[in-house]
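Peer 1: Protein chains in written order, with the UniProt record's numbering: chain A, 1 to 433; chain B, 1 to 433.
In short, the hints are calculated from the structure, not lab data.
Hints may contain errors.
Far from chain B, some chain A residues (derived; all Cβ distances over 12 angstroms) [as the list claims (entries may be wrong)]:
#: 1; residue: MET1
#: 2; residue: ALA63
#: 3; residue: PRO164
#: 4; residue: TYR216
If we take Cβ atoms under 8 angstroms as the criterion, some of the chain A residues that face chain B in the derived model are [said to hold, decoys possible]:
#: 5; residue: ASN21
#: 6; residue: PRO22
#: 7; residue: ILE73
#: 8; residue: HIS251
#: 9; residue: PRO336
#: 10; residue: SER383
#: 11; residue: ASP418
We treat Cβ as the ideally placed atom computed from N, Cα and C, and that holds for glycine.
There are 2 protein chains.
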Amino acid sequence: MIRLDTRDPGFDAAFEALLDNPRGSAAAVDAAVAAIIARVRDAGDPALLDYTAQFDRWRPADAAALRVSEAEITAATASVPAALLDALDLAASRIAAFHRAQMPRDIEITDDAGLTLGMRWGALDAVGLYVPGGKASYPSSVLMNAIPARIAGVARIAICVPSPDGVLNPLVLAAAQRAGVTEIWRIGGAQAVAALAYGTESIAPVDRITGPGNAYVAEAKRQVFGRVGIDSIAGPSEVVIIADAANDPAHVAMDLLAQAEHDESAQSLLITTDAALADAVAGAVERALTTLPRAAIAGESWRRHGAIILVRDLVEAASLTNRLAPEHLQLMVAEPRALMAQIRHAGAVFLGRFCPEAVGDYVAGPNHVLPTGRTARFASGLSVHDFLKRTTWVSADEQALAAVGPAAVALARAEGLDAHAESVALRLAQTKT
Amino acid sequence: MIRLDTRDPGFDAAFEALLDNPRGSAAAVDAAVAAIIARVRDAGDPALLDYTAQFDRWRPADAAALRVSEAEITAATASVPAALLDALDLAASRIAAFHRAQMPRDIEITDDAGLTLGMRWGALDAVGLYVPGGKASYPSSVLMNAIPARIAGVARIAICVPSPDGVLNPLVLAAAQRAGVTEIWRIGGAQAVAALAYGTESIAPVDRITGPGNAYVAEAKRQVFGRVGIDSIAGPSEVVIIADAANDPAHVAMDLLAQAEHDESAQSLLITTDAALADAVAGAVERALTTLPRAAIAGESWRRHGAIILVRDLVEAASLTNRLAPEHLQLMVAEPRALMAQIRHAGAVFLGRFCPEAVGDYVAGPNHVLPTGRTARFASGLSVHDFLKRTTWVSADEQALAAVGPAAVALARAEGLDAHAESVALRLAQTKT
Numbered sequence: 001m002i003r004l005d006t007r008d009p010g011f012d013a014a015f016e017a018l019l020d021n022p023r024g025s026a027a028a029v030d031a032a033v034a035a036i037i038a039r040v041r042d043a044g045d046p047a048l049l050d051y052t053a054q055f056d057r058w059r060p061a062d063a064a065a066l067r068v069s070e071a072e073i074t075a076a077t078a079s080v081p082a083a084l085l086d087a088l089d090l091a092a093s094r095i096a097a098f099h100r101a102q103m104p105r106d107i108e109i110t111d112d113a114g115l116t117l118g119m120r121w122g123a124l125d126a127v128g129l130y131v132p133g134g135k136a137s138y139p140s141s142v143l144m145n146a147i148p149a150r151i152a153g154v155a156r157i158a159i160c161v162p163s164p165d166g167v168l169n170p171l172v173l174a175a176a177q178r179a180g181v182t183e184i185w186r187i188g189g190a191q192a193v194a195a196l197a198y199g200t201e202s203i204a205p206v207d208r209i210t211g212p213g214n215a216y217v218a219e220a221k222r223q224v225f226g227r228v229g230i231d232s233i234a235g236p237s238e239v240v241i242i243a244d245a246a247n248d249p250a251h252v253a254m255d256l257l258a259q260a261e262h263d264e265s266a267q268s269l270l271i272t273t274d275a276a277l278a279d280a281v282a283g284a285v286e287r288a289l290t291t292l293p294r295a296a297i298a299g300e301s302w303r304r305h306g307a308i309i310l311v312r313d314l315v316e317a318a319s320l321t322n323r324l325a326p327e328h329l330q331l332m333v334a335e336p337r338a339l340m341a342q343i344r345h346a347g348a349v350f351l352g353r354f355c356p357e358a359v360g361d362y363v364a365g366p367n368h369v370l371p372t373g374r375t376a377r378f379a380s381g382l383s384v385h386d387f388l389k390r391t392t393w394v395s396a397d398e399q400a401l402a403a404v405g406p407a408a409v410a411l412a413r414a415e416g417l418d419a420h421a422e423s424v425a426l427r428l429a430q431t432k433t
Numbered sequence: 001m002i003r004l005d006t007r008d009p010g011f012d013a014a015f016e017a018l019l020d021n022p023r024g025s026a027a028a029v030d031a032a033v034a035a036i037i038a039r040v041r042d043a044g045d046p047a048l049l050d051y052t053a054q055f056d057r058w059r060p061a062d063a064a065a066l067r068v069s070e071a072e073i074t075a076a077t078a079s080v081p082a083a084l085l086d087a088l089d090l091a092a093s094r095i096a097a098f099h100r101a102q103m104p105r106d107i108e109i110t111d112d113a114g115l116t117l118g119m120r121w122g123a124l125d126a127v128g129l130y131v132p133g134g135k136a137s138y139p140s141s142v143l144m145n146a147i148p149a150r151i152a153g154v155a156r157i158a159i160c161v162p163s164p165d166g167v168l169n170p171l172v173l174a175a176a177q178r179a180g181v182t183e184i185w186r187i188g189g190a191q192a193v194a195a196l197a198y199g200t201e202s203i204a205p206v207d208r209i210t211g212p213g214n215a216y217v218a219e220a221k222r223q224v225f226g227r228v229g230i231d232s233i234a235g236p237s238e239v240v241i242i243a244d245a246a247n248d249p250a251h252v253a254m255d256l257l258a259q260a261e262h263d264e265s266a267q268s269l270l271i272t273t274d275a276a277l278a279d280a281v282a283g284a285v286e287r288a289l290t291t292l293p294r295a296a297i298a299g300e301s302w303r304r305h306g307a308i309i310l311v312r313d314l315v316e317a318a319s320l321t322n323r324l325a326p327e328h329l330q331l332m333v334a335e336p337r338a339l340m341a342q343i344r345h346a347g348a349v350f351l352g353r354f355c356p357e358a359v360g361d362y363v364a365g366p367n368h369v370l371p372t373g374r375t376a377r378f379a380s381g382l383s384v385h386d387f388l389k390r391t392t393w394v395s396a397d398e399q400a401l402a403a404v405g406p407a408a409v410a411l412a413r414a415e416g417l418d419a420h421a422e423s424v425a426l427r428l429a430q431t432k433t
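Start from the sequences and build out the full structure, keeping to the hints where you can.
Peer 2: Okay, structure coming up:
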């Protein structure tokens, strides 16, 4: 953890270093991933069986065993405590409600020239959701990925989740069932991405692949991009907390650690106007690290990437935050709405002293799949928009064409595209006779 | 050109072959592009000067010469005939009007649990638009790329356009001025993409890069993806025309050739219910190819990739079209709106007998930058959405947290993320006392 103060002469350089720190390693897995994709594309199911044996340490009996059956899903759900299913249901219904509100409207305009112009939103036919396996297998991520697809109207929602040593998380299956997932495949890694993109004998190809994964999964998504759509490549997670003096340091400290416990590459930053709070939070973090189950991970993240930045005022806090473009932003100040108005770049914002990011991770409703690593400058969290596409349309009759056609002819000729020009001119000539 | 008939026994295999034809070559330029990007990233402006000398065959005097001056833009605009400037103005104002109608609305909801949830759209700070140079330098594409960015509210809009042998197209500069472009750089290729992504001494980095380009430009965009946002990688262009018997074959033929004249990899497909029209159009294409200036390119495209498909009825036509997911779709039938309702996948649709695609290329208003090569299954045309990003937000007070917090605690504990759970539980404990 580093402490910075905007009044210090070395602040700018230190802050630049914080911005430029890539965190996480960019493993060179391009060639390995290309080989896996080529093999799945060529060999199909048998390649999936081999890779599953190799990477997940269990060999499916046959291709049919790659798919999780209805009976398994039912049995898994039955094994989950009722209180936990209730929590999943609350989360699912709140996520569904928020994403329903996101649904965009079609447009249709008839203008003075007599053209009717429109834009229509339509759902993708089929999407694939990658769900990390093992320790990082989060039922909340299943809800966050699948529900927007279902709300958007996607008919076929396939999940791929690796099952290391053949073991699946029952809560993940229960979440998938509640989210409206239509197929669950127990495969992972680059081979799962390849199967979703190209299809195999068992798995029909999808149109878009979303969801986080390790370096192999990220590289595989990059390599199949174009063949299918993908979401942005997830990097290490981060939070910025802007807090004034009137906060409980224990709350702020735990919020910082909630981010830090994700993994050692996560980053937790506190920006505060109050030196006493800065000290108190630093102390509270150290105390909490003596009791938290994931203290080893959280402590490593905090030591390597954590920072407390003392600023003169909230204007300065907003300005630094816009340069950081954080994935998560908590505004623990007296007037959070006013401060939010100064924020241009952030994935998700949490307003007030009683709104920790963890609420948004599970039950608030907005998506927790968010742009990381400063990409909130140009990228957005997952939403129904990721599972919809737009078709624009134009309708013109003779009169409308007469109004705008001559300009099209002039521009087409200037661009040397005479067939373009003629396609309009032939009709204009007919209209005039 | 091939002729297919859905009644023929070999139809399915022939249609699958049509679907699987990648057209265009996937040149292996990865390593060359990686080297160019690395050099621009390390050396900055001097690398741009060298690459411009090497690839564009002229050596800028210094880095300042890379930027097109206001005086040059003014002089270029003055050299354009007034009628052409009027056509550009009509196109620009219509494109602006349609994209203004696209602007999405923010949402804000206070729900029964007492949480306020919102989603806010915001413009990117800076975008870079790649404009191909030389023969493929199209002023219409400048309008189509830059105007949506301006309407979205992007403050800084930088264009990169190569100037082979030092020559720029005056109409491109005039279009840029009208579109609200704030900087024009006379650089191209992978080096331009690298400069936009990483910045140099002269060129500030941008947040997103859009626009079509050759194989080097496409690969460079792929390699900088993540550092900045990119639009989809453009492939060869295509049109599907669904036409009934009541059409002038000369119109249909010229519309097919308007697509074919773009380049040899372009694809023009006619789907018709009428065998007589099929014959007449085939003949009209051959006749038009004897007079068109770009007959060599259009003829090559038509021979290699063109097809006329005879179908039983319009239901079949719609079904085949959904499998093709074409970039452009003309519906030259009696009831085009009814037919459009059956189309799920297309980039842009043109309705009626007097609405050739060329109207949409220039003046209709919707964007002409569209998903190619069957990617309309999951991708959309360029729009204001490409220059906006979403920030979601949540506001909760003690009561709201009490309503949803326990479910968050339960799910966080189930996922083994205790700091997440504690960040909520600490506040719930305080609320109860």
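Peer 1: If a hint holds in the structure, say so; if it does not, say that too.
Peer 2: Right, here's what the structure says about each hint:
no. : hint   : result
1   : MET1   : 16 angstroms, holds
2   : ALA63  : 23 angstroms, holds
3   : PRO164 : 15 angstroms, holds
4   : TYR216 : 16 angstroms, holds
5   : ASN21  : 14 angstroms, violated
6   : PRO22  : 10 angstroms, violated
7   : ILE73  : 17 angstroms, violated
8   : HIS251 : 6 angstroms, holds
9   : PRO336 : 7 angstroms, holds
10  : SER383 : 6 angstroms, holds
11  : ASP418 : 5 angstroms, holds
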